[in-house]
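Trainee: Sequence:
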Amino acid sequence: MKKIFSLCALAASVIVISSCNKHETYADQLDRENNAINSYIIKNKINVISQEQFASQNNTTDTIKNQYVLFPNSGVYMQIREKGTGDFIKSGETARILIRFSEYNILTGTIQLSNNTLLWSSVVDKISLTNFKGTYTASFNNASSLMATVYGSTSVPSGWLVPIPYLKIGRLIHSSSKLAHVRLIVPSQQGQANATHDVYPCMYDITFQRGLE
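Offset between the sequence shown (1-based) and the numbering used here: plus 1063.
You may find that some hints are simply not true.
Said to hold, decoys possible - Result set (DSS-like, lysine-lysine): computed pairs, CA atoms no more than 27 Å apart in a straight line: (1) Lys1189 x Lys1241; (2) Lys1231 x Lys1146; (3) Lys1146 x Lys1241; (4) Lys1189 x Lys1146; (5) Lys1106 x Lys1128; (6) Lys1108 x Lys1146; (7) Lys1196 x Lys1153; (8) Lys1241 x Lys1128; (9) Lys1146 x Lys1128; (10) Lys1196 x Lys1108; (11) Lys1108 x Lys1128; (12) Lys1153 x Lys1106.
Just so you know, the hints here were simulated from the structure itself, not pulled from any lab data.
All values reported here derive from a predicted model rather than from experimental measurement.
Can you build the whole structure from these sequences, using the hints too?
Mentor: Structure representation (structure tokens):
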């Protein structure tokens, strides 16, 4: 019952955010979003690097310098906290991936959704991820996904797939094993359904783990 009430509260908060945008043009919303992202970057002293510098660093970001790489084609900023100790998703492979995440609404400055909390700790978002010749597609398992339940879509945000080519996704099978871990700044057009509709950016803290086949 408590979880049902919490889901209703989350849905209500989504409606509130939506109602704030009725008198803005789309151009106004995009300007507001860009300003919010830039302010977040400045406030958090993020060091933005180019894809060229990222490649020269062996596709890594220096967390001590708080580096995030900007992908201009998508507008997504990515910080790799940990590449992981598993394997890359190979071309032609479909893998089951288990995700822990926290979603921070950059406009409101609040945690909007997370399965890292005690209330939702039993829910691990499951996705089916396919690599088709370097193009990645994924969908949530509707029976086990907080994102799909709250936002009403099994589509995995495009922004979540940006890190996949650079991560070795595995399981915690040894004491030295590490989960792939990233932080992302995701603009609305690369985000979940509500962010796309209402034009707001989110910051995500995400870990990826391979599920059992």
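Trainee: Within a Cα-Cα threshold of 27 Å, do Lys1189 and Lys1241 meet the stated pairing?
Mentor: 19 Å, holds
Trainee: Holds or violated: Lys1153 with Lys1106, Cα cutoff 27 Å?
Mentor: 38 Å, violated
Trainee: Is the straight-line distance between the alpha-carbon of Lys1108 and that of Lys1128 27 Å or less?
Mentor: 9 Å, holds
Trainee: Between the alpha carbons of Lys1106 and Lys1128, is the straight-line distance 27 Å or under?
Mentor: 15 Å, holds
Trainee: Keeping to a limit of 27 Å between CA atoms, is the pair of Lys1196 and Lys1153 held or broken?
Mentor: Status holds; Cα separation ~9 Å.
Trainee: Need the status of pair Lys1108, Lys1146: alpha-carbon distance at most 27 Å?
Mentor: 22 Å, holds
Trainee: Hint check: Lys1146 vs Lys1128, CA-CA at most 27 Å. Holds or violated?
Mentor: 17 Å, holds
Trainee: Just to be careful, I want the Cα atoms of Lys1189 and Lys1146 compared with a cutoff of 27 Å; is the pair within it?
Mentor: 20 Å, holds
Trainee: Taken at face value, is the distance from the CA of Lys1241 to the CA of Lys1146 at most 27 Å?
Mentor: 8 Å, holds
Trainee: Between Lys1241 and Lys1128, is the straight-line Cα distance small enough, at 27 Å or below?
Mentor: Within the cut-off at roughly 21 Å; holds.
Trainee: Do the alpha carbons of Lys1231 and Lys1146 lie within 27 Å of each other, as the hint requires?
Mentor: At roughly 6 Å apart (the allowed maximum being 27 Å), Lys1146 and Lys1231 satisfy the hint.
Trainee: Does Lys1108 lie within 27 Å of Lys1196 when you go C-alpha to C-alpha?
Mentor: 36 Å, violated
In this structure, the earlier hints numbered 10, 12 are contradicted, and the remaining ones agree with it.
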